[in-house]
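**Q** Listed here are the chains, written in short residue letters.
4 protein chains.
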Amino acid sequence: MATKIDVGVLGATGAVGQRFVQLLDGHPLFRVAELAASDRSAGKPYREACTWRLPGQPPRDVAELTVGTCDAPFRSRLLFSGLDSSVAGEVEDLLAARGHAVVSNARNHRLDPDVPLLIPEVNPRHLDALDVQRRRTGGGYIVTNPNCGVVGLALALAPLQAAFGLEAVAVVTLQALSGAGYPGVASLDAVDNVIPYIGGGEEEKLELEPRRILGRFADGRFELADFAVSASVHRVAVTDGHTLAVFVRTRQRADPDEAVRALQAFRGEPQERRLPSAPERPLHVLFEPDRPQPRLDREREGGMAVSVGRVRADGLFGLKLEALVHNTIRGAAGAAILNAELLHARGLLP
Amino acid sequence: MATKIDVGVLGATGAVGQRFVQLLDGHPLFRVAELAASDRSAGKPYREACTWRLPGQPPRDVAELTVGTCDAPFRSRLLFSGLDSSVAGEVEDLLAARGHAVVSNARNHRLDPDVPLLIPEVNPRHLDALDVQRRRTGGGYIVTNPNCGVVGLALALAPLQAAFGLEAVAVVTLQALSGAGYPGVASLDAVDNVIPYIGGGEEEKLELEPRRILGRFADGRFELADFAVSASVHRVAVTDGHTLAVFVRTRQRADPDEAVRALQAFRGEPQERRLPSAPERPLHVLFEPDRPQPRLDREREGGMAVSVGRVRADGLFGLKLEALVHNTIRGAAGAAILNAELLHARGLLP
Amino acid sequence: MATKIDVGVLGATGAVGQRFVQLLDGHPLFRVAELAASDRSAGKPYREACTWRLPGQPPRDVAELTVGTCDAPFRSRLLFSGLDSSVAGEVEDLLAARGHAVVSNARNHRLDPDVPLLIPEVNPRHLDALDVQRRRTGGGYIVTNPNCGVVGLALALAPLQAAFGLEAVAVVTLQALSGAGYPGVASLDAVDNVIPYIGGGEEEKLELEPRRILGRFADGRFELADFAVSASVHRVAVTDGHTLAVFVRTRQRADPDEAVRALQAFRGEPQERRLPSAPERPLHVLFEPDRPQPRLDREREGGMAVSVGRVRADGLFGLKLEALVHNTIRGAAGAAILNAELLHARGLLP
Amino acid sequence: MATKIDVGVLGATGAVGQRFVQLLDGHPLFRVAELAASDRSAGKPYREACTWRLPGQPPRDVAELTVGTCDAPFRSRLLFSGLDSSVAGEVEDLLAARGHAVVSNARNHRLDPDVPLLIPEVNPRHLDALDVQRRRTGGGYIVTNPNCGVVGLALALAPLQAAFGLEAVAVVTLQALSGAGYPGVASLDAVDNVIPYIGGGEEEKLELEPRRILGRFADGRFELADFAVSASVHRVAVTDGHTLAVFVRTRQRADPDEAVRALQAFRGEPQERRLPSAPERPLHVLFEPDRPQPRLDREREGGMAVSVGRVRADGLFGLKLEALVHNTIRGAAGAAILNAELLHARGLLP
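Residue numbers (our numbering), protein chains in the order written: chain H, 60 to 409; chain C, 60 to 409; chain W, 60 to 409; chain F, 60 to 409.
Just chain H, same shape as in the assembly (with noise of 0.2 angstroms):
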């Protein structure tokens, strides 16, 4: 059996960082070696600087390390970032410069005119721009994974725009409380409420983040894919799992059941390569008129599978369905080792 290969975990502490710190635990390929979080857990025992919020306890052996700083030194060459937005931007940059292959669920970089946002099943070609962006850092670089709902949003929207062409989208989200962190929303605002609105430029990010996905990247730089998003976001009453209500416009006409088979048919590169957190079937396509739930359907292939339902026809779109996103593991901390995995595969691990 190969050695692991060591990494290291920034932001630790956080909501995402303990998702990393838990699909981490018994990963074939990598092992959890160094821990960073702000000055305020620094020095302390990780069981002791952070406050678990996910089922059970933390992994006995991570439980133990101390955690650092972001900006001390590092052994480990690759990095996985759950940093605050806050704080990512200028550390990620930081690290890429000191030779490091930064694995980020941040924000910050997603749309560097250098920095893959990438989806290993939807744009692996986008690693290209690793060339340039190499030669800018002098070798570390910056990889990013898309914002959470945009994960399920762009893997449901790829092979439709594959097989038929994509002209407009409209989305509605009903997205779970984790995804503001912890603790994130108020439980008043949560229980017995709907809250029509999330900031940060949620809208903004699920209109952008697809068509850069999409897109192209050619001659050294990155093209929007031709069509137009329009997204309005909600938080829910929900733990884990982002409910997108999509409404699709293909050029070509594509009828449901049409669809329903470029879906079901959709394999990309971690399929291939069967990469360890790879779902066998990217997307499950559901039949039963009531599915996707969050509650039934969110750890479909250990979370890592979105799944989408009532695929039908629309007057006015062409095509509507339900998309469902485990929003911490694909749509986050599972979406970032995902990648950097592909990168391992790849050769292209610093």
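It should be emphasised that the hints constitute simulated quantities derived from the structure, not laboratory data.
Predicted model, so just to flag it, every value in this text is computed and none were measured.
Be careful, since some hints might not be right.
Copies of the same chain are indistinguishable here, so a pair counts whether it falls within one copy or spans any two.
Said to hold, decoys possible - Taking lysine to any residue pairs in the SDA-like style, the calculated list, with each CA pair at most 25 angstroms apart, reads:
hint	residue 1	residue 2
1	Lys103	Arg326
2	Lys103	Tyr241
3	Lys63	His403
4	Lys103	Pro348
5	Lys63	Asp84
6	Lys103	Gly115
7	Lys103	Glu347
8	Lys63	Arg332
9	Lys103	Asp349
10	Lys103	Asp187
11	Lys63	Phe276
12	Lys63	Gly279
13	Lys63	Arg310
14	Lys63	Arg280
With the hints as your guide, set chains C, W and F onto chain H.
**A** Positioned in the frame of chain H, the structure of chains C, W and F alone reads:
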């Protein structure tokens, strides 16, 4: 003080029936004199026949009324129907034929060629259809109110139609549990969950009823308004209050400020006539970025005002906004009572 | 009509402060004339300083008042305190020393040797302590109301103590989210969850305050009532309304029917004096097997009545029952307002 | 690898039956070979007969089995019963008379004079009653597991009884929705609410079953343990996991540290025999002040470990603590499977 008008409530033990009883308690024009429900309840005093699911208790005088069956003769000329659609069709026909004014919340007759589907602020002229209907029945008639979500949608669209014309509307709903009656949705389907489906043709109603309501009654028949609607519905863990995410393409360009002015200025016949259940302002436009919210806004003006918020520009449709309607008050029993108040004010009660 | 008494509200922007403002709107005796809060809010109009978390909006006239600081001079003789316990102690002392009647919901002075911990129906004689206190302060004074859960417990116990004597009480609480203020409990800790713990000495308060309230003030000092209380507290996903499962061992044997009669017959000075906020019946005894329930029963008599149900025989204690109290009305702001009404009726306001 | 033992599942389409199917998927000893349910389901493949309410889907091979009726002959010697109590009594008698080992979660036979009410860690000696029972039936037999809440209570009490003796216990439950099956509790009764009542004699079971379990089987009959239990039950908005607030008076004085040591040291025959479903530690003692919590702790050791927290001194009883049990795993299907594993290990399967 004038004598109150005796009224009967059909389906009095159900969820909508209970709201009728609650809202008619202390009503200045109407007095609940008769109750009817299924055979199982008939012959019992209301307090025994009915498991009261609203806060507090049923009004004392109504609690002592004996529940009758729906096909027995009624003394009251005005009957409110909260009947289930499985029985409403036939029963309401029978009672109209007997000369009663049946003001119904059931869906069965909403689209009949001579039955008004009425929102008093929006389409009071549809009452002209009663001339046609009464010729058919010999005197009695049926007047219906729309599906709960449609009331919120049509009220929000009416001033935009008047000011700018409507071309296309997409609406995604986040509907309250009380919309499914009692026991309705199983708690295991509601807690920590979203159900992307509502039975009984909910999406079809949202796509058709607004066009009927916002259309004309002319030359003895109804014409659907000429705009397209696409709907996608969800059940969420909210007790009362349907939230609607609405995208609107108007015929004339409307910027958000103009739209807000049209929404705020909106008044109708119930406001002019100062009908007892009429809200002062049918539409409350909210400017906080995270409103309307069901828990905070559903009770505005006793649940009879619809709240509209987040009116903003949209790259795809031109406009988007959020609307909130109290589904069992403005969207059901309160809607029917307001309809009856208009019939009374117009001198149309038998 | 007599002129209303101007009052000030301390901590006016917080959760309890907002309830004060809401409940005092249209009050027949009192008029909110002054508002105070932290330095952060001072100098702003209330509508700006306060993020209103109750349904609807703050009363129009109060919304325009400028918020002051708590140590500035007040014109109003009567001050309601919804201050956080981190600051209430000192501020309330200062204001009493300046001659104000401070009617407080804060816990700081509840057990002071000359401060009444008052439930007007239960221990109005504890107001005798004001003679002692006013000698100390020179005229002003502090009167407190109990912890939210304690109000429900003490009201349910008072008639049992009077009729049968009390020996031991065990109480397990299922407390509402609003008891923790805003933002309070994180939504991820509330949805699909129970937290078996409440900070700030909640169990200790439940074990001590009822004995103070049900004890005597004699010979210039308070005596704790001679019975034991054991408490175990929980936070549940309820917006408002604390549920208490209570086991009671009385000194004289009491069967459930006798207990019910004692509970139903219970009235106090607020009922005799017909104080404006007094419920007609402080205790509503419910006989349905599954009541009281927060959603259905918390609003009884405007939230000022405590509901008691499931009064039944118990093999271990003799009696057990369920009690429900609206924690932010009868258990907080409403409790303080009723205290002030009693002070007014007794001619004790400065 | 040894051949697996074919088993049947009775009531296979219900909530407990689905858990049996889920937990037996991949079981090292047992293989689901037969399914039975009501006449309505009989003759259909399981995937059609059953609306699967657990996350994901039913195991593929079981999904294709044809559902039979409960009174038809079974090939499998071992039958798991998740039948509703309305039919379980007679059916289980019949099947035991036919020579089957019926391992049942139903309440009907729990207190029969020769039927073990078994928790393998607590009272394995109660299996001695099978000698008596088999003489009666001629070979087949029934073994039952306790009510869901009782499993948690009895497991937490067992080491305290062994170490200190038990005198009196008061327990207040906050029970999960899944305990009521599906559709079970109406969502309008669950959201923003607590129901202080559970039908079917829930309190009586909690007061009686622990005394049976912790009592002896001697001289051919069961003796109830000599301590009193009082229970008060509640339904709360939690999907899975019953929380119990427990007060305990021991015969010998036990301080919290001693109690914790007894709880932590607790092991039983399933642990010694390393039964496949046995948790390593039946009781997890938690020291964080706000634990156990359903969402964070119910899945410990696959839902087979009971969590105990807040072990503290109590002025009234001596000790109090919180316990949490996964009601449909350790409290139902998992309990029965562990029972069957013990029967197998003891060579008691027919």
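**Q** Next step is simple, just say for each hint if it's right about the structure.
**A** Do the hints match the structure? See the list:
| no. | hint | in the structure |
| --- | --- | --- |
| 1 | Lys103 / Arg326 | neither (43 angstroms within a copy, 34 angstroms between copies) |
| 2 | Lys103 / Tyr241 | within (20 angstroms within a copy, 30 angstroms between copies) |
| 3 | Lys63 / His403 | within (12 angstroms within a copy, 41 angstroms between copies) |
| 4 | Lys103 / Pro348 | between (50 angstroms within a copy, 20 angstroms between copies) |
| 5 | Lys63 / Asp84 | within (12 angstroms within a copy, 32 angstroms between copies) |
| 6 | Lys103 / Gly115 | within (20 angstroms within a copy, 39 angstroms between copies) |
| 7 | Lys103 / Glu347 | between (49 angstroms within a copy, 18 angstroms between copies) |
| 8 | Lys63 / Arg332 | within (18 angstroms within a copy, 35 angstroms between copies) |
| 9 | Lys103 / Asp349 | between (47 angstroms within a copy, 22 angstroms between copies) |
| 10 | Lys103 / Asp187 | neither (40 angstroms within a copy, 54 angstroms between copies) |
| 11 | Lys63 / Phe276 | neither (32 angstroms within a copy, 55 angstroms between copies) |
| 12 | Lys63 / Gly279 | neither (33 angstroms within a copy, 60 angstroms between copies) |
| 13 | Lys63 / Arg310 | neither (46 angstroms within a copy, 55 angstroms between copies) |
| 14 | Lys63 / Arg280 | neither (34 angstroms within a copy, 60 angstroms between copies) |
Violated hints, in rising order: 1, 10, 11, 12, 13 and 14; the structure is consistent with all others.
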